[in-house]
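Turn these sequences into a full structure, and let the hints guide you.
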Amino acid sequence: MSQNTTASTLLRNGFSMEAMRVYFPFLVLVIVCIGFSIFSDQFLSARNLETVLRQTAVLSIAAMGATFVILMASIDLSVGAVVGLSAVIIAYFMQSLGIAAVPTGLVVGAVLGAVIGGIHAKLKVPSFIGTLGFMVAGHGLMLHITGGRPIMIRDETMRGIGSGTIAGVPSIVLIAMAAFIIAYVIQHHTVLGRSIVAVGGGEVVAQRSGIKVDRIKIITFMLAGIYSGLAGIVLASRMGAGSPTAGTGLELDVIAAVVIGGTPLTGGMGGVVGTAIGALIIAILSNGLNLAGVSSYSQMIIKGMVLIAAVIISIDRKKIGIIK
Amino acid sequence: MSQNTTASTLLRNGFSMEAMRVYFPFLVLVIVCIGFSIFSDQFLSARNLETVLRQTAVLSIAAMGATFVILMASIDLSVGAVVGLSAVIIAYFMQSLGIAAVPTGLVVGAVLGAVIGGIHAKLKVPSFIGTLGFMVAGHGLMLHITGGRPIMIRDETMRGIGSGTIAGVPSIVLIAMAAFIIAYVIQHHTVLGRSIVAVGGGEVVAQRSGIKVDRIKIITFMLAGIYSGLAGIVLASRMGAGSPTAGTGLELDVIAAVVIGGTPLTGGMGGVVGTAIGALIIAILSNGLNLAGVSSYSQMIIKGMVLIAAVIISIDRKKIGIIK
Amino acid sequence: QDKPKIGMPMTTLNDAFWVDYVNFAKSAAEAYGYELVVTDAQSREDKQLSDIETLVNAGVKGMILTPLSEPLGIQAIELLDRAGVPVVVTDTFPGVEVGYKPNYLAFIKLDDETAGYNVAKHLIEKDGVKNLVGIGGVPGISTSEARNDGMKKAAAEHSEVTVLDVQYTDWTLAKGQSVMEDFLTRFDNIDGVWGAGSDPLLGAIVSIENAGRSGIKLAGIDITEAAIDSLEEDKLSMLAGGHWVMGGYGVTIIHDYLNGHETDQPVYEMSLYYLTKDGIDDYRSAIIDPLAEGKSLVDWKAISKTSDSSVNHADVFQVIAP
Amino acid sequence: MLVETHTDTGSKDHLDTPRQPYLLAAEGLNKNYGPIQAVKGLDVYLRAGEALALCGENGAGKSTIFKILAGEVVPDGGRITVSGSEYKPANASQAVTAGVSMVHQEFNILPHISVAENIFIGRMDEFSRFGRINWKALYSAASRLLESLGIKCNPRAEMRSLSPSTQKMVELARALSTDPKVLLLDEITASLDHDDADTLHRLMNALRAKGVGIIYVSHRLQEIFLSCTSIEIMKDGSWVATRPASELDEDQLSALMVGRDLADWKRPARPPLQEEMLDVSGLTASGFRDVSLQVRKGEIVTLAGLAGSGTDEILDAIFDAGHLTAGTIRLEGSDYAGKSVSDAIAAGIAMVPKERAVEGLIDTQSIRFNIGLANLSSNTRGVFVDGAREAEQAEQGADMFRIKARSTAELVRSLSGGNKQKVLLAKWFLTNPRLMLLNNPTRGVDIGVKFEIYDLMLKLSQEKKLAILMASEDMAEVIRLSDRVITIRHGEISGVFEGPEITETNLINAML
Ligand SMILES: Nc1ncnc2c1ncn2[C@@H]1O[C@H](COP(=O)(O)OP(=O)(O)OP(=O)(O)O)[C@@H](O)[C@H]1O
Ligand SMILES: Nc1ncnc2c1ncn2[C@@H]1O[C@H](COP(=O)(O)OP(=O)(O)OP(=O)(O)O)[C@@H](O)[C@H]1O
Ligand SMILES: [Mg+2]
Ligand SMILES: [Mg+2]
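Going down the list, the protein sequences come from chains Y, P, B and W. Numbering of the first sequence is given in my numbering, commencing with residue 318 and proceeding in unit increments. Numbering of the second sequence is given in my numbering, commencing with residue 318 and proceeding in unit increments. Numbering of the third sequence is given in my numbering, commencing with residue 842 and proceeding in unit increments. Numbering of the fourth sequence is given in my numbering, commencing with residue 27 and proceeding in unit increments.
It should be emphasised that the hints constitute simulated quantities derived from the structure, not laboratory data. Among the hints, a few may not be true.
[To be verified] Below, computed lysine-lysine pairings styled on DSSO-like, alpha-carbon distance capped at 30 Å:
no.	chain 1	residue 1	chain 2	residue 2
1	W	Lys178	W	Lys236
2	Y	Lys620	P	Lys439
3	Y	Lys439	W	Lys178
Here it is, written out as C-alpha cells:
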C-alpha cells in the first residue's frame, strides 16, 4: 500500500497511475512463473511457453470481450455457451460450405450478444440471470445441433489455423494478439470504449451526460459476443471439431481472468491489459500444475487457493472502495 | 405497475408492502403450475406434489442461507461445494461414529463459512472470487476425502430421515420448513437480520450507524455455511451417501432461486419468503418438464428461457433502480 | 396414443456413446410398443434421484437405470421397490446384487476394469508401448475410476512398462487436448496413450499432431464415428466398445417381465468388441451404415420371450459384432 | 428567433414585462407519484437574462419541476415551450440539444476517468473521427473551457482526485459546455466552498448578461438575493406567488414560503455552563493535527473552516476513533477509549454525517428501518428487534421533524431531498445522545423547518444538557447558533470566538 502511495506521488497524471496498477497482476504472473520453474525444468522451455500461449488463446480472446461487459459493471455467464455455439455452428456449416463457414462464428456471436444485451437493457433483466439463462439454453442448443456427438472438421485450412505457425509464432496466438490490440484501442481510444467505462462508473451519471446507456449496453454485449464468436473459431480450429461440450465452464475462467487482471466486478475501471495477464495466469496455473505432476485432486485445491491469493495481491482496494 | 401502486395505497405499513412484492414470484409459480397441469395429468397429483417438495428441500435450505449473503450484496459460489463437503464429511465420520456424526455437517458449514467470510471481510477479496476459489478447492477436497468414490451411509436412522415421513409429511420437508421459519425470523425480527439488510443497502451507512460491518459479513457467511451444512445433511440422508460430486452445480440453482424470488444481486431488499417460492419454481421446472416428457435437450432451452421470463415477471424494477 | 411408458434416467447425454445407447433402446421400445421417457441428470446425482422420482410419478411401467454411483443405485432400487416399478440396471454397479429387492430384475454390465485392462494390454503387448500416459474421464465416477484401475493393473503386470501419469478430462475433447499438450512437454519418452473415452483421445491426437511427434500409439474405449475415422487414418491403434446395446436389452427384459416372463440370468456381462483398422469396413457395413439408414440392428421380437418363449436371453444379449 | 407566442395572462401576478418573449414557458405542469401530487398545475415563466429562484418547502416539488424540465421525468400534464417552440424532451440529451442543462444537487461524476471526459463524455463524437478519439483536441477544449470559467484544475486529472467542491464545479462546466439557453441549478451551493460559490455567482451574472436564463433552487435565502432577479414561490406543488427579487427581503420570502414570519427568530439568551462533556486534546489524524477543544454540557460549539480545512475529519475522528494517530478524548471527565462507531454510540455519542446519500441513509429501505438502524441496540430484546418500539420511535421522529411522507413505511428514496435530511436528523436525535456531532445538519432543509431544528437543538442542549459539536458551511447558521466557534485552517486551530466576537468578518479572517 505504501509502495503504491509513494509511486503515485511520483506520477503526475491519472494515466500513469492506470499504468502502475497493471503491475499488480503482473507481479502475480511473475510469482507464479518463478514458482513453477522451481518445480519443473521444462516449464520455462521455449516449447512449453509456446504451448502455454496456445492454451491461452481461446481464454484470452473470450476474456477480452468479457472485460468490456465487466467494465460496464454487468456480468456475462453465457461466454462459454456462445464460444461453444460458435464452434459447433462453424463445424456444422463447414461440412457443406468448407472454409467459407468461418464467419458464421462471428455472426452467431454478434446476434446472440445483441439479443442478450437487448434483454438486459430493454427488458431490465439483470445480466447475471439473463446470461445464465442463455448459458443453460445455449448448451441445450449445442446438443440439439450436434445430436450429442462432436462434429469433426475435415477442412485442412481450418485445421491448419489451429496447428500452424506464421513466422514461428502459432497462428492462433497471432489471432489472439490482434484481438488484444483491437480491444486495447477500443477501450482507450474510442468513444465506445470511454462510454463503456462511463456506464460502469455510474449509469445514472452516464445517462444524464447524454450517453445512450441502453444502446451502449447492447453494443457492448454484441462486442463481447463477437469476441466469443472469434474464440469459438479459434477453439474449433484448435480442436478440429465442434464438440457438444465445447466451452463448458469457460465463463468462470474468463471472469477469474478479468478480475485477477484488475477489473473489479463493480466496473468502471481496469481493462484489457490486465485481462491479458489474468488469462495467462489462469492458463499457466493449469499448465504448470500438470507439468509439476500434481495429482488432479490436489490441483483443484491449489487452483482455488491461488485464485484467491492472486486476487489478494492484484486488486487495488484503495481505488475500488467497497468490496462486495 | 399501476396495479402495484393501487394495491400499495390500500395497505398501510411496510410489512404489507413487503408482502405485496412476494406476489410477483408467486405469480410466476402459479403460471408455471397451470402450464404444467395442462401438459401432464399427474403433475397436480398429491403424490407428485409431495415429490416436488422433497426435491426442493436441499435447494431451498441452501438458498435460505444464500439469501442472507445476497441481501448483503455479496455472492456465494461456494454453496454447492460446502453442501457437498458437509455430505461427504458426515458420511465419512458416520462410518465410525454412526448417527452422532450428523452435527459435523453443521460444523463443517460454520467453519468454512467463517473462513470464507473472513477472507472476504478482512482480506478484502471480492466474494465472487473468494467463493469461486472455495468452490474449486472444495470439490478437490471432496475428491481427496472420498478417494473419488462415494462413501455409503449404512446408518438406518440417517437413511430414514431421507426417505421417511412424520405425520404424513416427508421429514426432510419438515426440516426445510423449520429452516425457513428460522430464516424468516432472523431476517425480520433480529438485530442480525436488520444489520444484514443494512450492509447490503449501504455499507458505509451501516458502518456509520454503529454496525460492525466486518463482523456481520463473517457471521452472515457463517450463517450461510450452517444452512449449507444442513442442506448437506439432508442431501446425504436423501442420497444415502456422501458422493465426491455431491452438490456440483447447485450454486447456480441457488442464486437463480434467490433472484427469481425477488432479491436482487445488489442486495438491500427482498428476502427469504421470495426465495422459498423461487426454489419451488426451479424444482417444479425440472419436475414438470420431465413429467411432460420434453426431450432433455429441449428442456435446457426451455429452462434457460423460463428463467429469464420468470425474472422479467418477478423482479421489482421500480424498487431496485439500476439493473446491472 | 397413450403407450405405456418406460423410464430411462440418463446420467449424461452429451456424449456419442450415450446417444447411441439411447437410440438403440428407443428402437427396442418402439418395437415393443412403449414410449421411452429419457431424462438427463447432467452428471448430478441429486438430479438423477429427482428424475427417477419424477419418472415414477409419470407412471412408468419399468425403468432402465444407469446409476451415477453405487449409493444412488441402492436408493433408486429401494425407491422403485416401494413404488412397485421393475428395474434393470446397466453399465454401473448399483451397490447391490440382483434380487436385493424383488423389483431389481437384472444387471447388464460391461466390465469396465477389464475393458481398461484389455485396451492397455493391447497397447503394451501389440504396440510395444513402454511409457504410457492415461487420459481419464471424470474423477469420482465409477466407470471412469474402474477403467483407470484396469489400465494400472495391466501396467503392473508388465515390469518394463511405466505409467507416467493419469489426468482427468471430463470426457471432453478440449481437456483431452490440453492435458496431452502438457504431457508432451513434461515427458519426452511417451510412446503410448491410453484413453478412458474416445473423445478425449481425439483431442490428444490433435496435440500430438501439433507438436509434430510421431511414434506414439493411442487406444481407448468407445467406438464412435469420429474415432473410427482416426483409426482408419492410423492415428489410433485400437478401439474397444459396442456396449451401447445394454439399454436396448434392458427394455427387452422389462417387456418380457411385464408379460409374465422372468429373465434367464441375474447378470449379463457384455464382452466388448475390439476394433482395429482391418475390421473397419465390416463394422461400417454391418453396423454404422444400417444405423444411419434407420434400420433396426436387431429383430426385437425374435429375442423376446413374449413372442417366443423358447428364447434364452443369455444367448441373444450380445454386443453386435460384424 | 421565433416570434413571441406567450404573454402574461394577467390571471396571476407574473412579472409585468411583456415586451420580451419568454425563453421558457411551462404551463399547467402536473406530476403524480401514485397518490402523491408532487406538482399541481404549476406555471414557470423565464426570460432571457433572468435568474429565477424557485422557492418552497421541502417536498414542494422543486426538484420534480427541474427533472421535468431536464427531460428526466415525464409530466402527467402541462405544456412547455422553449424560445417559443414546443418542448417535450424524452431524455436528458434531448433536453440538452434543446438548450436546457441541469446541475443536480447530488454528485454526478465518474470518479475513475479524467476531468475532460467527465465534461464531454456524452458528446465525444465531437472529438473523434470514425469513433477514434482525438485526445489532444479533447484536452485542449476542456482546458479552454475550464479556464474561461475560472475553474482551476487539470483536465487530465482523474476526477476522484479533486475536492468535492471542484468536482461540483466540473459538473457546472459540463452543463455550461453545451451552451445552454436555460440553466437549472438545484441546490448547487450546498456542495461548494466559499471561493467556488463566489465564482458561481460571478458566472451567473456573466451568463445572464449573455442572455441565458437561470432557474435556481437553494434553501439559503441570502444567496437568492445575491444572484436572482425574480422569485417564484410554490407550496405543495402549486404556485403561490412570483415577485421581482428587489420587492422582497429574506423575512418576507420566508413568510411567503412557510406561511409564518420568521423575522424575529433570535437565539434565546443562554446561561453559562460549566460541566465539561467533551475534552479533546492533541488530537491528530490524517487531515488535521494537534487539535484540543472542549465542549461543555448544554453548549453548542462550532468548527468553522474552508472546505478541506479538516473540520469534517475532526468530527469523523471523534465518532470513529479507530484512526487517531495521537491525542486523547475524555467524556465527562473520564477517558474514552472507544475505537469504533459502535463504541461511540454506546458512549452516548451521535453523529449526523455530511453526505446523507453515502453515509446517512439506506434509500432502498423505509423511514422506519433507517431511524431504527441507529437505535438497534436500544430497541432489542435479546437478539430480537422490538418491532413495536421501533415503529413508535419512527412515528415520534416523523412528528418531531415534520417529515412529509404518507407513513413511516415509505421508502426513503421516494422522499424529497430535504425530507431525507429530516429522516437523518430523526435517526440520530432519537438515540438520546449526550454528545451530538453535527456536520451541516440542515443541508437542504427548508427555512421553516430549519428554525424548528434550531429550536430543538437549543431545547435539548438546555433541558437535556446535550453537548453539540457542529460544523457548517452556512455562515448564518454558525452565527445564529454557536456559543463558541473554533476556526480551523489547514488542519489546525486558528482561532476561538465567543459571544459578540462571533461575526462574519472575524470568522472569515481566521478561516482564510
Ligand atoms: N419517485 C417518487 N416517488 C414517490 N414520491 C415522489 C417521488 N419523487 C418525488 N416524490 C414526492 O413528490 C414531492 C415533491 O418532491 P420534490 O423532490 O420535487 O421536492 P423538493 O421541492 O425538491 O423538496 P426539497 O426541498 O426537499 O428538495 C414529495 O412529496 C416527494 O415525496
Ligand atoms: N430511482 C428513483 N426512483 C424513484 N424515485 C426517485 C428515484 N430517484 C430519485 N427519485 C425521486 O426524485 C426526487 C429527488 O430526489 P433526490 O433527493 O435525489 O434529489 P433532490 O430532491 O433534488 O434532493 P435535494 O433537494 O437535496 O437536492 C425524490 O423525491 C425521489 O423520490
Ligand atoms: Mg429537491
Ligand atoms: Mg432538491
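Here's how the hints hold up against the structure:
At most 30 Å may separate the alpha-carbon atoms for a hinted pair to count; Lys178/W and Lys236/W meet this at roughly 23 Å. Between Lys620/Y and Lys439/P the CA atoms are separated by roughly 21 Å; this keeps the pair inside 30 Å, and the hint holds. A distance of roughly 40 Å separates the Cα atoms of Lys439/Y and Lys178/W; the hinted pair therefore is violated under the 30 Å criterion.
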